[in-house]
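Novice: Sequence:
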Amino acid sequence: MECTLVCPVENTLEFKTLGTGKNGWSTAKLGIVIIGIYTGVVYIAGITGHWKSSITEHEFRVRLQNINSPEITHPTVGFR
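Take the sequence shown: its position 52, counting from 1, is numbered 51 in numbering that gives the first Met the number 0, and each next residue is one higher.
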């Protein structure tokens with residue numbers, strides 16, 4: 000980013016994490032940790048059955064065929 004190179008205030012646009020020592024975490028390490036946590040949560044949800052739907056494959060196919068019908072609508076919220 001060019002704006003960080005010409006900014007008169009030092010370390011204005013710098014990413015740091017707290018409690019990780021003198022140098023902190025690198026962006027790559029933090030990204031890997033976040034992706035690892037997400038993958039772990041999805042994997043655990045899958046093996047414990049929380050990721051599965053209660054409808055059958057047949058019912059899903061029937062509902063998918065009627066996806067554009069007026070009886071299936073998205074709920075709306077009346078903001079004023």
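There may be inaccurate statements among the hints.
Beta-carbon label-pair distances, calculated as ranges [what the hints assert, rightly or not]:
#, residue 1, residue 2, range
1, Val76, Ile54, 23 to 31 Å
2, Ile36, Gly77, 21 to 29 Å
3, Thr72, Cys6, 47 to 55 Å
4, Gly30, Thr55, 34 to 42 Å
5, Thr38, Val8, 35 to 43 Å
6, Glu58, Leu4, 54 to 62 Å
Quick caveat, the hints were computed from the structure, so don't treat them as lab data. In this text, all values refer to a predicted model and were calculated from it rather than measured experimentally. Where a beta carbon is used, it is the ideal one built from N, C-alpha and C, also for glycine.
Novice: Cβ-Cβ distance between Val76 and Ile54: within 23 to 31 Å?
Specialist: 25 Å, holds
Novice: For the pair Thr72 and Cys6, does the Cβ-Cβ distance stay inside 47 to 55 Å?
Specialist: At roughly 50 Å between Cβ atoms, Cys6 and Thr72 fall inside 47 to 55 Å, so the hint holds.
Novice: 34 to 42 Å was suggested as the range; check whether the CB atoms of Gly30 and Thr55 agree with it.
Specialist: Roughly 39 Å apart at Cβ, these two residues keep to the hinted range, so it holds.
Novice: For Thr38 and Val8, compare the CB-CB distance with the range 35 to 43 Å and indicate the outcome.
Specialist: Between Thr38 and Val8, where Cβ atoms are some 38 Å apart, the hint holds.
Novice: Between Glu58 and Leu4, is the Cβ distance one that fits in 54 to 62 Å?
Specialist: Given about 58 Å between the Cβ atoms, the range holds.
Novice: Can you tell me whether the CB distance of Ile36 to Gly77 sits inside 21 to 29 Å?
Specialist: Taking Cβ atoms as reference, Ile36 and Gly77 lie about 37 Å apart, which means the hint is violated.
Hint check: a violation occurs at hint 2 only; the rest are consistent with the structure.
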